[in-house]
Amino acid sequence: MPGCLALQKPEIAMADPSASLSSTLVRSTYVAPKRRSRFLTSDRIIAFLLIAPSLLAIAIFVYGFIAFTGFASFTKWNSLIPDFTLVGISNFQKLLDTTRFQIDLRNTVTFTILFLILCLSLGLILAVLLDQRIRGEAIFRNIFLFPLAVSYIVTGVVWRWLLNPGSAELGATGVNLLFDKIGLGFLKNGWYTDPNIGIKAVVLAATWQMSGYVMAMYLAGLRGISDDLREAARVDGANEFQVYRHIILPLLQPITLGAVIILGHMSLKIFDLVVSMTGSGPGFSSDVPAFYMFDTTFRGNNFAQGAGIAVILLVMVAVLIVPYLIYSTRTEAET
Amino acid sequence: MFRNTRWLILLSLAVIVLVALAACAAPTAAPAPTTAPAAPTTAPAAAGGGKLEMFSWWTAGGEAEGLAGMYAAYKKLYPNVEIVNATVAGGAGTNAKAVMTTRLFGGDPPDSFQVHAGLEVATYQPDKYLQPLDSIFTSEGWDKVFPKDLLTLLSYQGHYWSVPVNIHRANVLWYSKKVFTDNKLDPPKTFDDFFKVADALKAKGIVPFVLGDKEGWESAHVFETVLVGTLGADGYRGLWTGKTAWTDPKVTDALNTYKKMLTYVNTDHAALTWDGAGQYLIDGKGGMEIMGDWENGWFQSKNYSDYGWAPAPGNSGIFDALSDSFAMPKGVKNADNAANWIKLAGSKAGQEAFNPKKGSICARTDCDQSLFNPYLQSAAKDWQSNALVPSVVHGAAAIESWATKYKDVMALFVTSGDVAKTQSDLQAACKDAGVCK
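Listed in order, the protein sequences are those of chains P and A.
Start counting the first sequence at 1; every next residue gets the next number (the working numbering).
Start counting the second sequence at 1; every next residue gets the next number (the working numbering).
So here's chain A without its partners, still in its complex pose (with noise of 0.2 Å):
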């Protein structure tokens, strides 16, 4: 009995350093890596060998295609190099940049990874983990085929730390062609026009402006697309530079206008998502809608052709764009290979291989237009001539925690449509960022 008790002591213990052991074990393993991929960026990976690690989170649909063309581009060239598609899937990205951040503060980066363009690159301190991609915009001449206000957006302490690859639009305005012809309308070019088709559309029992808020988002999203129209161009780009005060008239009038907006929705638009509103203009029941130009996609899946596009109310000439983009961590595996694929994403190969299964245009202003839809080709032709602005609920103009304050107080707009507590809320959220004072 009492060796019995010994041995159980002896097995305990041991069971004990074990743990010990395995607890101590993992912080020292962590850093490992940190240090461990910066011998690589020196060595010189095999010129068309090895391996490339592309991280996103394009898991489906057009997007899963046009990346997969992308592939096929890269290998026509560097046919050695094998490729691992390393994606996380889910909640529109939210999922990947964690996995992402881990990675890259853990010191295991993939090779290259997709952010979107403009502000969120800073959510990964580029000075520290980033490569800046200067020399290969310069060797490679994307100064000359990127728009300026593309360019100015990307850059960011001085320095471009990812490479675009498709534009999408959020400003446009969706409208069904066979009750705006049934009604003999015109689509709206300002608010006041926009009052007028939809009351028009009112007496005749039709859904004026299709809306479905149900995550939240798609509110903010339009009412972006009114600051745009309301303060214009450099007004919009200023809320989130700081130049333009949220305490401004203009900000009170825009939240009027979209207060009197709201007067003209369906009566579900709380149950639908973006996509489920839309099923208003298929069916003919519903005459506008202001989303993104993922609609376009969503529309021709749907086999549904009967519908026109507009920029949203005010916002003509001016393009709300969103970017994905790729950037490159310092002290990949393989530099050379991913080197080689910043470049072919930036080329007009890519960019022609990428865009039309994506249902985005070109960042560059050269692709080969035939390639793309109608819709595409007018919103390329914007894009060429129009001032650019970041959209805020797409990542491009704000830091994230203040992007999604400026949502919640947007979502709970619809409902209280309290214009003073909502401005004075909106201007809260820019101070939490530190942008106001």
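So that you can see chain P by itself, here it is in the shape it has in the complex (with noise of 0.2 Å):
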């Protein structure tokens, strides 16, 4: 999908100076354009000639994979030797008949809700905290910023280790030890190995380290905002609520529907962080369907129900970015 915009780009890219480059030829060129469609010119043919590898490329490792990944879906392959006897939709039944599959969904959902909640309020408060002209700004923002320097992998094992919440038999430890000593040992619990908790212990890691990226998306959003208009809210009568209520946060809805696609995508998505993170957790709490993918393709070898659910995840993603791309195009093509 990313494919389609970039090659739209360079299209247009390349029709402008063909403009140019014709209106000076004109004279050479006469008769030329009438007998030649107006699509061929070697212009064009040159950009599609430029693009082609690319094309190829992409059709080949993206689309043909994704092709070939449905078509896999739809088969018994189910062992190190592939096997394409087509057995119709009977892959996808039986994953949605599975329990690990359906707490797998449940917990998709649950993730991506609990990110998308606290990523952007968290994000929209600290932007506008730091908007307010504070001192040693740049250091907050780096501060806040550097989570995302880090690798899933290595949030997903610090988080594991401060969220270990040890035992009655040999002690707290982590963030539950420092409960204890500062006396706010009701506060502890099992964490990610509280089967009512599982995932939402992700939540936080993934939390932490996404929220300082909102903000700084947010925070250009709020630098872009002139001035001015605050001004005017101000004089109209406004208070500085209601200039954040009714001034602000609607000129941020582009980026708000920024961070959600982005993040959302992303949360549908998410395997390394919760691999190294709680792995499946207790009654697969923590599991999510990337892992389970993983998991049944390359550990059970279950290549058509790996390939069932990357089709499903795919599906999922799609409803979350083709409306984006639909959205994003047609203002493009409005400016």
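Be aware that a few hints might be false.
[Said to hold, decoys possible] Facing chain A, a subset of chain P residues (Cβ under 10 Å, in silico): (1) T99; (2) R100; (3) I103; (4) N164; (5) S167; (6) Y192; (7) D194; (8) T278; (9) G279; (10) G281; (11) Y292; (12) R299; (13) G300; (14) N301.
Honestly, the hints are just simulated from the structure, not real lab data.
Backbone N, C-alpha and C define an ideal beta-carbon position, used for all residues, glycine too.
Quick one: dock chain against chain with the hints and give me the complex.
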């Protein structure tokens, strides 16, 4: 899908010089435009030829493989040896009947919703606070942004240690120990080892990592809103809260949309953080479809089932991304 | 300007042709090796020269040392052969297996490779890609030195495809001697004993039964021993061949027993792996753990010696085994060297070089026991006399897709405790594997 956008741009870019080029060549090729179709100018051919290699590569390595995965999900390929006997949608039926996959889907929804809410609200609050022209803003900005530079694997391992509950027998560890020491012992809990918390513990780590990024997006948005608008609102008698409620937030809407898309598709595909932090968790309470896909494909050799999960994941991400792509190409065309 | 654009067209055409060539070249390049190795098999490999490429996932610790010991033994016999140690680390062999199939089906097999003894060999389509080793088994007299049950396990479609080098035992109950003597307890033989001991320990504030099931398979591993203990050797074996039904009331019993056992576990079991759980025994805060005999090596690496072992409850007289073996692909580059390697792997010298370091016992029954530590000696004694059953969690009893489903179902059981649902899920997994109707 990103390919589509990338492909359109060079064409547009090439169209501009062709206009100026043909105007300089009007005299020499005066009759040519009528004979040739307007489509096949030499510049367009060049443009096409130049993008052809990447077009070919994307066609094979992205769309070709997507198509192959889709095909594989309808076969009964369930060992290391490919078996392309078609079995219709039975892989999907079985998958949706599997308890583990049902839990996975629930976990994904929980994760996505909590992750979005926490990241967006935290990011917005941080951005608004930083936007108050405080001293040492650059330092704070960097501090909040740094987690983004850490890989998910590292985040996962560190948070696994932090949220390791310890045990009744051997004593508390990590955050629980901290709670103990500062007299907040009642806050102690099993974190990711508690089946009722499970994936929510992962949300904490993911939020820690990504909220700084949302903050940066919002901060850029806030800086793009001219002071005139705020001043005008204040002159009209709006208090500070109303300025944000009626002026700033509506103007930040495109940023919010962008953040939802970016965070949303990340949370649907989340894998490395879960693997390094919790694994499947007790009773699969922190399991996600991507991890199940890996498990069943590469440990269980259920290639057809793994392909089925991949297809479902693709559909879920497409549901989120495609409307955004349509929306953004439309607004692009308008401007 | 116009000339320039012509050049550009030419240039981009050239690029496209190049890409197209590269794309076309790939498929033609792949089949080439499939036919190529066929020739070297017929060509006589230089006696005592050439190479031997051995493929495994043994990259670290005792197993890598054991393999090196076996290489040394091989070098002594065939000093001119260069050994290529091809390894793919990680994932308890899952990564290696994926690479191995690619090489095998792509026509570039190593001379010999590691495979779990048992049904795992089926994944490699032996009739098409592997060399049957029946003649070596007869000429080396292996049908006499390996236990009969192991030979049955090794045989697939009427042939032997791999030679077993080591044996690990999965159904061992490890216990802290200190905890048991302090409380005047004996290691339990039956499930009733187990619960009596567990109650006594619980009353003293000691974790009776430690478990670390962070990775999911550990739970399935313990349940495997409960199945063996409840159904007996024949009944358990039948589960994987279709002779025993998963709907059998004895499976229900096993699930109920396991459910009761889970009420005695440490609270942080979901955060620990099996070795982390073993720390409870070392600290004297836990009583028993059911795990494979790699626990023995782990205790030793921690300088902990005050532990005892017994068969898991109900498992006496039964040896739940997993075994690594070496197979030989068809059409290998150095056929003679590979055959010599296979012979060494099954020989007394080869197994004695490998096993003490790996922390496993010989698949042969005639190894020199003085080379082994006390646990391994006792395991070797059981190995000669016990009934043998294959471990499912460790790839000996069922195809991988079934084994992972079984593992998933049991991982879920730890939190759900739903006996009826779990039993029907186990039955469904058996059906999916095509073994149950």
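Which constraints among the numbered hints does this structure fail? Numbers only, ascending.
Result: no hint breaks.
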